[in-house]
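Student: Protein chains in written order, with this note's numbering: chain D, 3 to 455; chain L, 3 to 455.
Possibly wrong hints are sitting among the right ones.
Stated by the list, open to error - With a straight-line Cα cutoff of 30 Å, these simulated DSSO-like cross-link-like pairs (lysine-lysine) come out:
#  : chain 1 : residue 1 : chain 2 : residue 2
1  : D       : 93        : D       : 77
2  : D       : 22        : D       : 56
3  : L       : 413       : D       : 77
4  : L       : 413       : D       : 93
5  : D       : 405       : L       : 265
6  : L       : 138       : L       : 77
7  : L       : 77        : D       : 5
8  : L       : 219       : D       : 77
9  : L       : 382       : L       : 413
10 : D       : 265       : L       : 93
Stated by the list, open to error - Non-contacting residues of chain L with respect to chain D, defined by C-beta distances greater than 12 Å in every case (computed):
#  : residue
11 : 194
12 : 424
13 : 440
14 : 444
15 : 447
Simulated from the structure, these hints should not be mistaken for laboratory data. Being a predicted model, the structure only gives us computed values, none of them experimental. Glycine included, every Cβ here is placed at the ideal spot set by N, Cα and C.
This is what each chain is made of:
Protein chains: 2
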Amino acid sequence: MSKPSLARGTRDFGPEQMVKRTFIFDTIRRTFQRFGFQPLETPAIENLSVLMGKYGEEGDQLLFKILNSGDYAAKLTEADWQQDARQFTTKISEKGLRYDLTVPFARYVVMNRGTLSMPFKRYQLQPVWRADRPQKGRYREFYQCDADVVGTSSLLCEAEIVMMLHGILRELGLTDFTVKINNRKILTGIAEVIGAQGQEGTLCVAIDKLDKIGKEKVLAELIERGFSPESCAGLEPLFALASEQAPFAELRSWLATSDVALKGIDELEEVWQLVEGFGLENPQMQFDVTLARGLSYYTGAIFEVKVNNVQIGSISGGGRYDNLTGTFGVPGLSGVGISLGVDRIYDVLEELSLFPDDQAITTRVMLSHFDAAAARYGLKVLHQLRQAGLNAEMYPDAVKLKKQLDYADRKRIPYVVLIGSEEMQSGKLTLKNMQTGEQKSLTSEEIIAELKR
Amino acid sequence: MSKPSLARGTRDFGPEQMVKRTFIFDTIRRTFQRFGFQPLETPAIENLSVLMGKYGEEGDQLLFKILNSGDYAAKLTEADWQQDARQFTTKISEKGLRYDLTVPFARYVVMNRGTLSMPFKRYQLQPVWRADRPQKGRYREFYQCDADVVGTSSLLCEAEIVMMLHGILRELGLTDFTVKINNRKILTGIAEVIGAQGQEGTLCVAIDKLDKIGKEKVLAELIERGFSPESCAGLEPLFALASEQAPFAELRSWLATSDVALKGIDELEEVWQLVEGFGLENPQMQFDVTLARGLSYYTGAIFEVKVNNVQIGSISGGGRYDNLTGTFGVPGLSGVGISLGVDRIYDVLEELSLFPDDQAITTRVMLSHFDAAAARYGLKVLHQLRQAGLNAEMYPDAVKLKKQLDYADRKRIPYVVLIGSEEMQSGKLTLKNMQTGEQKSLTSEEIIAELKR
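Given the sequences, and given the hints that come with them, work out the whole structure.
Tutor: If you want it as structure tokens, here you go:
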């Protein structure tokens, strides 16, 4: 009998982790709902025809593929055996595991566009799977928490994302964070203005590293990648802007010759005004001209969230895309969305000790008993406590009190009710606070009142 | 561009279904927690070495198997190609999808037995996957909701399962249900007493059909399967008992010569007494000597729940097993558990119109606006509503009021706030009840008070 093990890159979440993860999920879900987003769940298994070609060559390889069921090999021919692995795979596998929540969402919108009322606001909290090499902080199965609006290009949606991020992070107890914002159109415009039209991809890869490697090395990289010295000189204003919070006027004068850049600046400025209109207390948002997030996808605003007092990558990212469903033959649906990474948020809250102690999903009180009569007596009390909405349990076996209290301790149950012959006679039970050791003699009704406080 | 589709046997759950499913999941989860069960989540992907051989030959075939990642075919030899499909599969697939929640739970207990405090009470609400042929009501991806206690043989656990089932079903609004109970030991004893020792499997398959085919046909089937006429005659008392609610005395006299049967009856009777001790109002439990549930697994109590006023199979089942983790080399851990089927519960609640209208996860109020100034004015109101904990949204685009109200209607938003120039001047907004059409002129504080009522 070999010892059982977890598949590489996967995890169990035991009770203690689940309590903490539930705190995160509940906070995110509640805030999404508060902003009018509706829940959606899609299956873990999708047809490979839906998934393939949506995440680039590398993504296709990182898809978990499922063997066809039944006698999948029966129809294979000699010729099939001799094909290369990729073609062979298509003969034995037609399904795969969800790789993100965006492509299944696009599929859902396309398949239900006749009945969906637009704009459609959905959130989705589900695991995704990637056959990445597992390493610290990178798993093969992990949750994504997405909220998207499609069917409108209103910038109110961008402003709402800023509001929602502030709401979620503050409800999680985070105070020192920055919502970084850029606009794809500004990046396009910069490339135009410096005479490197269409090169914004290369430009972004380089300026994305500004924080880490500094201005000189960024310029060196651009030269190496074929940018002219004139283009590099044209970037001067960018380095001056990079540290300012909302330098829209400076941007306008620098990029005055690019229509697309001006459009991007207009959009950004409108988002700032809308957030101001909401009356958000102490906005923690910052324009970041170096923010890119895999350009190919986004067409307008780009978001990323950084926690400032913890060494960790971004905990959230998103942006506007103008063609979510184009790949499924339905062009022209604009949308904007945000995705939150639960694993990183977990690590941040752990490091900052922000998880609340007292969660509603754990047991609040345990009944202990000295003998069978006490256990029998306790049943009615137990039923009463539960009917009052309290999470309660009774130690199931007839063991010494010490062992019962140890169990309560290990399970971090804050209160224990002691039932012995004296208690049964008087009807006054002993309520013990497991943290302070304090004991009180109370009726079951008084115990309920005390614990519900 | 081909039209995208769902993989066979899988489903999307759109907002309306999600609201209803959430009602079911929340009710189950809350009740599990109220009884002191703690949450556990295990990965969707398990090593096939963990899954194979646990569900019988048929189960092995119904496991979804995942292709090894990377260049899985590179190391295959000519000899591998020529092996039969089953052996070939082991060369290209080492992982599979979770088939139920019990085997992963057993794996978790074995892997963490050094740190788990026993008895360990866990609940788990997660999807499972089976490569079954899809048909009405049978899916390839579906949720199970399990609660189990391991590490104790106390019959309090059985009684708690009865309590928990009553709690869940009544909170769901169900009134006419029956928790059927049997004990594996009684079935073993009956086979002993009628001289068909070890034949309880065949016996159960036959008497399981008593309801449908009647006594004569049950006996005919037993004769056909090799039971002697004497054995069949010995079954006479069973048919008399089958319709009684808790005929323990009759059982005792019939099965007096079988120790194991008497043990089973003692256990059952104790469960009945414990439930009585809890003071459960109007217990809906019934002894059912024909209840078997795939005997191989269970060693004590067996449960099943039937909804009486709906034509549907059982919505829940479970029982006690004495060797959960034996298959992973850790024998002797007794446990008892219950599993609820969300899809059938959904169908039952739908048929009986028991889903509540008003769920907390939907939008409570939408802000509409006549022009840009009104929209701008509405931002602060929107922020206020949300900060008061209300789910609120504003229609994002500048369109006619009619279109905004249509959106609210389709999304079943019960209240709309109308903002126009008059409203902005007076500070009194118009709150419209979308169901009655009634309109009130209120300040934003008054609106909050009204909607929170």
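Student: Output the indices of the hints that this structure fails to meet, ascending.
Tutor: Result: hints 2, 3, 4, 6, 8 and 10 break, sorted rising.
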